[in-house]
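Asks: Protein chains in written order, with the numbering used here: chain V, 37 to 610; chain Y, 37 to 610; chain S, 52 to 337; chain U, 52 to 337.
Keep in mind the hints are simulated off the structure, nothing from the lab. Every residue, glycine too, gets a C-beta built ideally from N, C-alpha and C. Check before you lean on any hint, since a few could be wrong.
[Said to hold, decoys possible] Sample of chain U residues with no beta-carbon within 12 Å of chain V, all distances over it, derived:
id: 1; residue: 75
id: 2; residue: 112
id: 3; residue: 194
id: 4; residue: 206
[Unchecked claim] Which stretches of chain S does chain Y cover? Using the computed rule of at least three CB atoms under 8 Å from a CB of chain Y, they are:
id: 5; region: 140–151
id: 6; region: 305–314
id: 7; region: 317–326
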Amino acid sequence: MTVPSISITMTGSGGSGVMTAGNLLLEAAGRAGWFGMMTRSAGPQIRGGEAAAMLRLSSEPVLAHQDRYDILLGIDWKNADRFAAEIPLDADSLIVGPGEAPAIFAEAAGQQFQLDLPKIAKSVSGGRPNMVALGVAAAIVGLPEEAVAQVIDKALGRKGADAVSAGMESVRAGMEAAKALPSFNSLAVNTEAETTSQEARWNISGNEACGLGAVRGGVRFVAAYPITPATEVLEWLAPALPKLGGALVQAEDELASVTQIIGGSFGGTPSLTATSGPGLALMMESIGLAVASETPIVVIDVMRGGPSTGIPTKSEQSDLNIALYGLHGDAPHLVLAPLTIGDCVFTTQWSVVLAEKLQTAAIVLSDQALGQTRAIIPRQQDVGMVAEREVPATLDEDYQRYANTESGISPMSIPGQAGGQYCADGLAHTPTGLPSSKADDHHLQMDKRLHKLTNYEFSSHWAEIEGSDDAEVAVLTWGSSYGAASEAVAAMQAEGKKVRLIAMRLLSPAQPEKLADSLQGISKVLVVEQSHSGQFYRYLRAQYDIDAQVRSMAVPGPLAIRPSDVLKTLSEWS
Amino acid sequence: MTVPSISITMTGSGGSGVMTAGNLLLEAAGRAGWFGMMTRSAGPQIRGGEAAAMLRLSSEPVLAHQDRYDILLGIDWKNADRFAAEIPLDADSLIVGPGEAPAIFAEAAGQQFQLDLPKIAKSVSGGRPNMVALGVAAAIVGLPEEAVAQVIDKALGRKGADAVSAGMESVRAGMEAAKALPSFNSLAVNTEAETTSQEARWNISGNEACGLGAVRGGVRFVAAYPITPATEVLEWLAPALPKLGGALVQAEDELASVTQIIGGSFGGTPSLTATSGPGLALMMESIGLAVASETPIVVIDVMRGGPSTGIPTKSEQSDLNIALYGLHGDAPHLVLAPLTIGDCVFTTQWSVVLAEKLQTAAIVLSDQALGQTRAIIPRQQDVGMVAEREVPATLDEDYQRYANTESGISPMSIPGQAGGQYCADGLAHTPTGLPSSKADDHHLQMDKRLHKLTNYEFSSHWAEIEGSDDAEVAVLTWGSSYGAASEAVAAMQAEGKKVRLIAMRLLSPAQPEKLADSLQGISKVLVVEQSHSGQFYRYLRAQYDIDAQVRSMAVPGPLAIRPSDVLKTLSEWS
Amino acid sequence: MIATTGTHLSEGGCQIMAAKDYKSGVKPVWCPGCGDYGVLLSLTKTLAELQLSPEQVSVISGIGCSSRIPAYLKTFGFHGVHGRALPLATGLKVSRPDQTVIVASGDGDGFSIGGNHFLHACRRNVNLTYIVMDNQLYGMTKGQASPTSAPDWEKGKLTPGGTGINPFHPLVVGLASGANFIARVSGTDANGAVPILKQAIEHPGFSLVHILSPCITYNRDQLEWKKQVRQAPVEATSDPAQAARRLMTDDNLNLGVLYKGNRKPYQPDLKAQVDSLEVLEEQFAV
Amino acid sequence: MIATTGTHLSEGGCQIMAAKDYKSGVKPVWCPGCGDYGVLLSLTKTLAELQLSPEQVSVISGIGCSSRIPAYLKTFGFHGVHGRALPLATGLKVSRPDQTVIVASGDGDGFSIGGNHFLHACRRNVNLTYIVMDNQLYGMTKGQASPTSAPDWEKGKLTPGGTGINPFHPLVVGLASGANFIARVSGTDANGAVPILKQAIEHPGFSLVHILSPCITYNRDQLEWKKQVRQAPVEATSDPAQAARRLMTDDNLNLGVLYKGNRKPYQPDLKAQVDSLEVLEEQFAV
Ligand SMILES: Cc1ncc(C[n+]2csc(CCOP(=O)(O)OP(=O)(O)O)c2C)c(N)n1
Ligand SMILES: Cc1ncc(C[n+]2csc(CCOP(=O)(O)OP(=O)(O)O)c2C)c(N)n1
Ligand code: SF4
Ligand code: SF4
Ligand SMILES: [Mg+2]
Ligand SMILES: [Mg+2]
């Protein structure tokens, strides 16, 4: 069933404080017992340019933005047209703001009301237009004043009582002004929420969620070099790690950050770094070292538009190729992808546990759409998985660091363990780690490194599977495209059509049997992804035998794939 | 038809001069009008350890080593058993050397003759065991003394007449001693060769051939960081470029060498670098810059065993994945691979021309087996292709560096051209090069960069196709595996079986129509490659619809794929 | 290697270029008040002083707020990847010595990720002018510490308690690695910067110009620089040892030319010695 | 962060380790006569002097002839990728301050591809000992010029007429970037090297030990070093300015401790402040 929700965008030029208003609206919705998400978009200016806060609010958790916006609220309209492609309006949409909205919006929307927010703000002592906007928005969507008051209190409390009361005055003025406007208060306010929300709901971004997943998985050492849109993963970890007895080191570059974490891991500490495409490219050589030397590491790649510097502030799923194939030589490793903001916690945690268990590198493919979107979601319970590296039971003269075991996992000693000394090496080596160019040694270690991955039972976490058991059509997707695909599948099911959704969380190693099982009865597969060349589609062709008609729906960034895009393609085909 | 040939290996411990003897034997064979190839293998020591010179000599050009050796000639046997896996002997093989050969050889070979080369050398004033070995080898294979004398003269001439005569004395002593041995002089000596060989035949390694191809294609700027087994490409270019008005700069690392050549190319000079797996990994970020900014560059990757530092001195075709897919974002580019040592000239030259024409990055996948093997081959005619970059016909206010043309190729101005100023950028950009995060701009440039490659007609150079028009079985391979595959196919044809061989020189962009054409009538396809995970096989699955049964024969390094391995797999299947 | 193509605007000898003629007209993405506006102005004024035709000049940069500068100029430009402006410029200059090549970086681009190229560019001494807009932080990624940040700057988002690390001394390291010309200018004083930039461009070999360019968004304290800077009290020296002594006690606020070396620039001779490839091919003949 | 695990050989307090006890027994791949044999010997002797249990010590290297050294020792070791020994060691030491971490490089590994990490390791001043076996060339790749090669060394295979570039001054650059201890030893004089290496390991912060380690295969002239070296005529200074003056005129042949700084090493405190993750999770509660 599709989720009832309200979508609202607030825009404003540099200095208008529109993002603050958006954040407070989201938080207030959370206080009121709702769920929701907010994505920000900004102009090309480094800072202080025009911006748009795009929200979707709902009484149930939401995974993707809608195809359209109910409300466009402008604090002002300067350069707002820049966001037109991201803010589709239609005959049911309402525009509110001072004077004439840009034609591109006005022509699309059904209704337009003029409301001069800056002017209203002036009527309040210390009033701010963005707080007025918050009041207008809260009123239109039907949020109780109490919820807004709580967040104003929290946000402005530090600035003193005057600031709080000026803020609330502005909010109230906005609410008052909104009475003249149609309301969209279709969502039931959860009256119990005020008491339970503190525990039951989180306000979190995907990047923060990755950080949390990392420490839950046991990560205690991080080395990093900032890059958009991954920086917030690191910024969250920087103060968190010292509290847990860990450390984050800001490195001189990505070559250093990835090798620093190899060093940390060699020392026995689960270690991680986060980056984006350009940084990942620089790390590939050393990720290969982690694979060959069997030193566990986790690298989070928060993907952005590519290639090259590309579009740092927008999302795309186009680093799949480099993550799967970007290592020189045959270097089997793990590639995983969170499906939702909340799932960033679990997938990162699981990746840490898997990397440590399998003594290899794990690349986690998050993206800008997950990472920099802030959402009200149910609290993510800790599943309790923690890194557990196999250490040698006994250490004697014969200890072989790269012993050929049945599982392919060789117990790994840690500096400080007497008798466990070995020399880790990226050269082809013997079971003891001695460099060797002999065919037998090379083959043994390559087989071992492959089989430890392919033999491992990854359980049902490999994918989320939704929809009908008796469907003939399936949507196959991965990572953040899950949100839109899931909504589209739900909509089709609501129409009585049978569809199945398979969203892969584990990309590598491939799971041919699991996929075959999950495709039972399916004769048509739509492959949905956000890339230009259909990277996921090609990967599926390379690794899986799919006994069905397969069609590729590959849409590059920077615009998010919308549920309706998937729905349309699906309806036309099935 | 299979080529009649003699295969001989000479071994010796550190300081024995066995490589010199091998090189002179090869050169002498060339003088005698033969063709041939020589591969060297050495122990783990940095320098001066045991070594093996493995030769195959023939009256016709040869592309791969045989499955077995006719003769194993030891200057001494110290550590020679280290090479056993590389030197298969059988009942028809002859071992010659001082005392007992290592058991692993002796047990395999049909005949063994004791000949104490060092002792024979002592009987000559100034005699050297390796020159004795040269004489023995020359006599066994039936090379005329005159041909050996010529190369001795050339090699030792600088050291004075005494050295030359001591050398020849040793050779003659070896020839004399060899009279007691069975001879393998089955190859006709080309008596005209002495006069024509100078022009008609080359003694060249694949790495040198890449260097020559580069300058033939118009490369005049090279920046480089040394790495085994690519260094000789650079070492050949270092003195050659200044003669041609070009330059080679030794850079501080691979990050610098690849960006230096982007700078050189931006300045209008066809530019190239050469590296191996670890260096290629470091270059990926900036190769993406070349793709996005449409600045032509050529990167030669002389592949070695992987992953990580792997096996620097041995061959493997396992960098195919990184070359095809190792760039972040969607970054279409060229990937090519020479098929033979001689073809290193043409493929490199063609790559330069294509990169310049299509304003993109070309990765050339040579490997250690081609690069560091020295061969006598027919002189490689210059096909006359030279880099021709499209420059703007006129330059005015409206010049758009990244204009959306029909071919997708946008005329590129060069610094110094008034009115042609633009700012090259790796950010998503408009046709003028201005950074843009708009969907339309992003899509336009991505489409353009893809289509300029897919629209281009690559002609018949895309692959070598051999064998029967009416075959039902095909061998599909790429790069250096062509040699063994070609020999296997020829052997099957000689047995009256019909087989076709398709060896791809152009790996990316994929050529689905061309492959479909070349597979007309084929119902079984054996995919042959030197990797552990079947990278080529997976790539074919991803990009091509092959309407036949497909089987993968993927064999990792470090041992070369042998014609008989292919033949066996083929015979068993077809 | 390549024939210089095209006609030069100044070839007629009469057309006088003004500073504004070097502006591309593209609107900078910088925050209002950013020091980089001043640097842009200094550059256009310097180019006008030198009367270089825009097509004779290439401005190469990496990634960062400061590295956006090439697009705002009417010269050739290359906005490359983070940290690699110097090698890109090296490849261009070595193969096209006729171009005037200016390299622009920030303190992160130049001294953090690009540190190795900095070392080796100083050492190699190609005839480049390297301007580094130092704001002691990463502006583009929204305010993290850079190598030149003060150890107790607590606002760096990855170094909550301050970096605790001594800042990088660009000029001392530049001198130690062989830079041939070292100067400092204030980004907010375009007129003061022009004569220095002019000298830097005209000086043969590798010229390093350290520019104090405040980031008003992530460290407003840098607005104070304007008041704190002073002309270096002594003349430029050409003695590295003397320069070292001075620079080691330099407090980052001395403006002017601080060192003027006379090492020979690195520039391969690009005159062909043979006129056919066949001469090279002879070596392969059996 | 991690509990130190395992028992120490020396825990009983009675077992005395000899130099040979630090050898792994693996036969080096080095050419007979290579200077690196001497370095290996010095290291084992130094470890014996310090009576460190082999499992308390990690030796981290990059790629090169010299970088092969960890496998020849009985300590923990990591033979990583080319140029990245220092960051690998940094990650290890920061998260495992209880380990004694020694980093081994060649001049190519350390100053060419690894130059940026060198700069920043000096600056960061983590308690590491960095030994660089300088043979002024790339041995492993068969004889190309390195940053420390003489400009007129014509045998470098990529620089046929010599590099024409001033050599890199590791000690000057190391000092300029903040190394806390700087010394030079001769690779061929193990007994002379031991006391210096010992001090380097014991000195807090980043210690740089420049080792003249001849490559007899690609530059036999380096055999002369043995005769040319001398003890530095003056005592180690702790004044960076004085050290700078001395090092700038240093001819590469002065042995001994040349600088001993007293900057505070960088070491994050690894004591946990909270005992449950829930404290961190509270911030997300609506
Ligand atoms: C390989 C890579 N790593 C990281 C980044 C992210 N990044 C962009 S600019 C920048 C720092 C810029 O700092 P600086 O050079 O001082 O320029 P400023 O913005 O301060 O002028 C970083 C880390 C990137 N683009 N590429
Ligand atoms: C990324 C990468 N680039 C290049 C190489 C090739 N390579 C191996 S060792 C080496 C230089 C070693 O020189 P140095 O560090 O001085 O050590 P030495 O052999 O002289 O002791 C090079 C360039 C490599 N292994 N990896
Ligand atoms: S963030 Fe700082 S450096 Fe960047 S444009 Fe704004 S003021 Fe300038
Ligand atoms: S090549 Fe030189 S550095 Fe390498 S092992 Fe031989 S002598 Fe030592
Ligand atoms: Mg900066
Ligand atoms: Mg060296």
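Asks: Next step is simple, just say for each hint if it's right about the structure.
Replies: Structure-based check of all given hints:
The Cβ of residue 75 (chain U) sits about 8 Å from the closest Cβ of chain V, inside the 12 Å cut-off, so the non-interface label is violated. At roughly 9 Å, the least C-beta separation between residue 112 (chain U) and chain V is not larger than 12 Å, which violates its mark as non-interface. For residue 194 (chain U), the condition that its CB be more than 12 Å from all CB atoms of chain V holds, with the nearest at approximately 21 Å. The claim that residue 206 (chain U) is not at the interface with chain V holds, since no C-beta of that chain comes within 12 Å of its own (minimum 27 Å).
Only residues whose C-beta sits within less than 8 Å of a C-beta in chain Y count toward coverage, and the region 140–151 of chain S has 10 of them, enough to reach three; the restraint holds. Proximity of the region 305–314 of chain S to chain Y, defined as three or more residues with a beta carbon under 8 Å from a beta carbon of that chain, is not established by the 0 residues found. Judged by the Cβ-Cβ criterion of 8 Å, the region 317–326 of chain S is covered by chain Y as claimed, because 7 of its residues qualify and three suffice.
In the structure shown, a violation is registered for the earlier hints numbered 1, 2, 6, in ascending order.
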